[in-house]
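Got chain P; can you put chain A with the ligands on it based on the hints?
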Amino acid sequence: MSADFKGIRPLADLLRLFIAPAIWLAHLGALYAAEALICAGPQRGHDDKMSWIVFLFTVAALMCLIILAVRTFRPGDGVPRSSGQTSAWFRRITLLLAVLSGSGVIWTSLPTAFLPVCSSAP
Amino acid sequence: MADTATISSYPSTLPRPRDEQAALEAVWASPRSWRIVTDVNNTVIGYFYVGTAMLFFLLAGTLALLIRLQLAVPSNTFLSQETYNQIFTMHGTVMMFLFAVPVVEAMGILLLPQMLGARDQPFPRLGAFAFWAYFVGGLVFFSTLFFDLAPSGGWFMYPPLTSSQFSPNIGADFWLLGIGFIEISAIAGAIEIIVGVLRTRAPGMTLDRMPMFAWTMLIFAGMIVFAFPAVILATILLELERAFGWPFFIAAKGGDALLWQHLFWFFGHPEVYIIFLPAAGMVSMIVPTMAGTPLVGYRLVVVALIATGFFSFGLWVHHMFTTGIPALSLSFFSAASMAVSLPSGIQVFAWIATIASGRLRWTTPSLFILGFLFIFTLGGLTGVMVAMVPFDWQVHDTYFVVAHFHYVLVGGMVFPLFAAFHYWAPAFSGRALSERLGKWTFWLMFGGFNIAFFPMHLAGLMGMPRRVYTYPAVMEWGVLNMVSTMGAFLFASGIALFLIDLARNLRPGGSDTAGNIWNGGTLEWLHNREYGPRSIPIVTSADPLWEQPHLARDVDAGRYYLPGSITGRRETIVTSPIEATPQYLLRLPGPGWTPFLAANFTAAFFMLLTVKAVTLALISGVLAVAMLVVWMWDSDPKPLEPVDIGGGIKLTTYASGSLSHSWWAMIVLLLVAGSLYLAYVFSYLYLWTVSPQFWPKPEALAPVASAVLSAFLLVSGSAILVAAGRVLPHRSRSGRAFELLTGLAAAILLAALIAEVSAQSQAGQRPATDIHGALVFTAAFLQGQIALPILVMAGFVIARSLGGRLVLERRVIFDNFSLLYHYTIGQSLLGLLLVHGFPRLAG
Ligand code: HEM
Ligand SMILES: [Cu+2]
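Residue numbers (my numbering), protein chains in the order written: chain P, 10 to 131; chain A, 179 to 1021.
Extracted from the complex, chain P is given alone in its bound form (with noise of 0.2 Å):
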């Protein structure tokens, strides 16, 4: 019995449930970030720059997303030496939230698309 849960293995399964939504937090961070060293920093105002840090960021963030939901169709990932029940349920959850996730990645992103950068509020 031991042997199984030598290592940080029965952790690192647990956290896979919530990669997806920290990617989510991680991307809403970042854009925040950028938003205040671009346009409140030192060298204020660098419009185009901004555009082009959100779309990275999103589409980065959409990819790690999507590979996630992939891997879960694979069977033998996820929670390998689960009993087949609770695997595929663990499987279900984090496809979901990976769906919910890319979801957030795109809601939070849009405004950018519509509001110019680096304007302060009204």
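Heads up, some of the hints might be wrong.
Taking CB as the label site, the calculated pair distances span [as the list claims (entries may be wrong)]:
hint, chain 1, residue 1, chain 2, residue 2, range
1, P, V79, A, P195, 50 to 58 Å
2, A, F632, P, K58, 18 to 26 Å
3, A, V562, P, L65, 53 to 61 Å
4, P, R83, A, V808, 36 to 44 Å
5, P, S112, A, F569, 22 to 30 Å
6, A, V808, P, L46, 31 to 39 Å
Hints were generated in silico from the structure; no laboratory data involved. Heads up, the beta-carbon is just placed ideally off N, CA and C, and yes, glycines get one too.
Frame of chain P, contents of chain A with the ligands only:
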């Protein structure tokens, strides 16, 4: 391990030994009379904890009534302005910090072990410590009101109003140290809950069979781990400013008052969900029972919980919409605010679908839940309104906002909580609460609440500002406020009725409970005593009592696992985090004075520091540490032979590495420390964007060589500690080399810290001159704050080795120490990189 063969051959029908149960009872017996304060069992501590939290609810509620009395008529002179300010600040602070979070944590401590089929929490003494710290700290904090020392800056304590310039008396310090201290206790409770939920579930209770309340408590505790450090850092910074003049929030020296708001709301927004999620978890337990059918969409609800946990962190800026942050940033957060309503909506639909697919019984808990749904939905709607940026400019700081957050808070947590009290009382008390009185309680509370708070929306739309001690007789303000006040007293009469009900019917502590009167499906409805169920069942579904018909009888006859005490101590089964397969037998500590005393001395330390009795504070601090050392001394008991817990399952009695429950606790603790440090890194970068002109030119910085030296010291410290782990001796061998290396590693950490501080001083940095100096020394301060415990722990590790209590076969103490040590090295290296590297990069 439990394979299918053993499971199907269970339960055993062999008769149990005659005195097995008596022995079990003796091991778990609580100390008599006033010595009960030494008990650590979750049923005892849980009661105290819930009781204390409710006491603070009543106290803060009384303050609310005073507020309402003052506001009942225009130009009232019942309270002076200063008293009014103190009262609403205390009302908000006590409700948020001393009631809402603790009561939920308390319910977790009380309920979770029974629900998960454990005998107790994995760290009973930590739970007791958290409770006593909260109890003493909270009472002292509250009583400042009677000495006119209470803070008056509003519950979120924005500087500069709270800086020493505008709040020179020690009221603000009481807030900072008092609340800081209570947060620490909340974190201790959260660690307990996380490890409890993940590692002490009944065999077979896989994650997908876990009661929903346990899921919410897991997310709740996880959110505390990430959210509370931000506000702890904020209080540290403000206190450093007030006590030593480090100018974090003073604009003239490069600080920024907005930093406080950022840090505070990084905690404050998740706080709303921290409060709300467990309440939702309670609802998810009660609704299925009352509707007589399993929760619809269990999987979706879990997804919603996890998503809410994360999404709510993305919202911190929406509380600062009128503070002039660039428009684009604002809209990110506005979008995020709305995103969070989706997962909340999923939960509401799951409950409604459950109610629709079963038949709801009209009990008191059901009523409270319907009341909750009604009020909370309204609160959610006004919340979406507030989240829309232009609308927020209209109603910001008016009574509309007061109405909104009371709909969310009272609707979202007080009503579910009262549902929970009525629902779970029979599981703990010899008698259930009265249904007749309960229904009266509900209608008084529900009616009173709406009468009190609905008019506030209108008053707010008419422009009545919040936090005013009186108002002129314009428009309908007078009428609206009078109605509000009457509603508030109606609400209070509902609470009074509830107390009468408790006094008449609550019979806690006996081993004969009213039992499963609602026909609930989860394990807390087994016949539970002080030690939980007689034997620990194997779980094969999400509602075991519904699916496994003879479970209750067989469990009570001792036919399942661990029907007695095997080692003659309190004990529980530790299972794996996902699958809940039994892994080892955990021997739990019994009653003892150390948690109680340690909590009291720690509280004394903080409070004495507040009134600047430094010597006495230090004495208390040393005593607190002494108590902790005594407490830790008999932790990690020595390995015994494997034991048979029944059903042919043999378990070891000792585990190390990631198998050990304390390893998990340590990991969570490191997450807390890491969040605190990240909040610091955020503050550093944020302040740089505000006032980069205060950052020195690269030539004026401390030399690179000094940073390299510190880094070298740190890395070699890590290497030495790894070497120490290698020479950890076998039983009865000499541990001399091990002890030397451990001591050396600790000393090196200290040396690196000293090197860094002296290099910065030589470069002319001073913490009180400007913001850059303050930040540089904060990094050192944070490193010192963790180096100090490491020194004490190193001494402890060495002492245990000398005492023969730390050997290769019994190494958990050392493992945990090295986790903390290596983490500290990592944090310090990051700090060096930031403090020495960033200005060179940016300059
Ligand atoms: C029991 C009935 C309650 C009544 C009648 C009540 C009444 C009030 C009133 C009138 C205010 C506004 C004071 C002002 O702005 O001048 C207020 C503020 C507040 N209340 Fe309540 N309240 C109640 C329950 C609660 C509960 C259960 C919570 C939290 C769980 C809570 C949290 C707060 C907070 C955070 C504030 C803001 C304090 C500040 O502005 O600093 N209240 N309450
Ligand atoms: Cu919020």
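Indices of hints not satisfied (ascending) | 2, 3, 4 and 6
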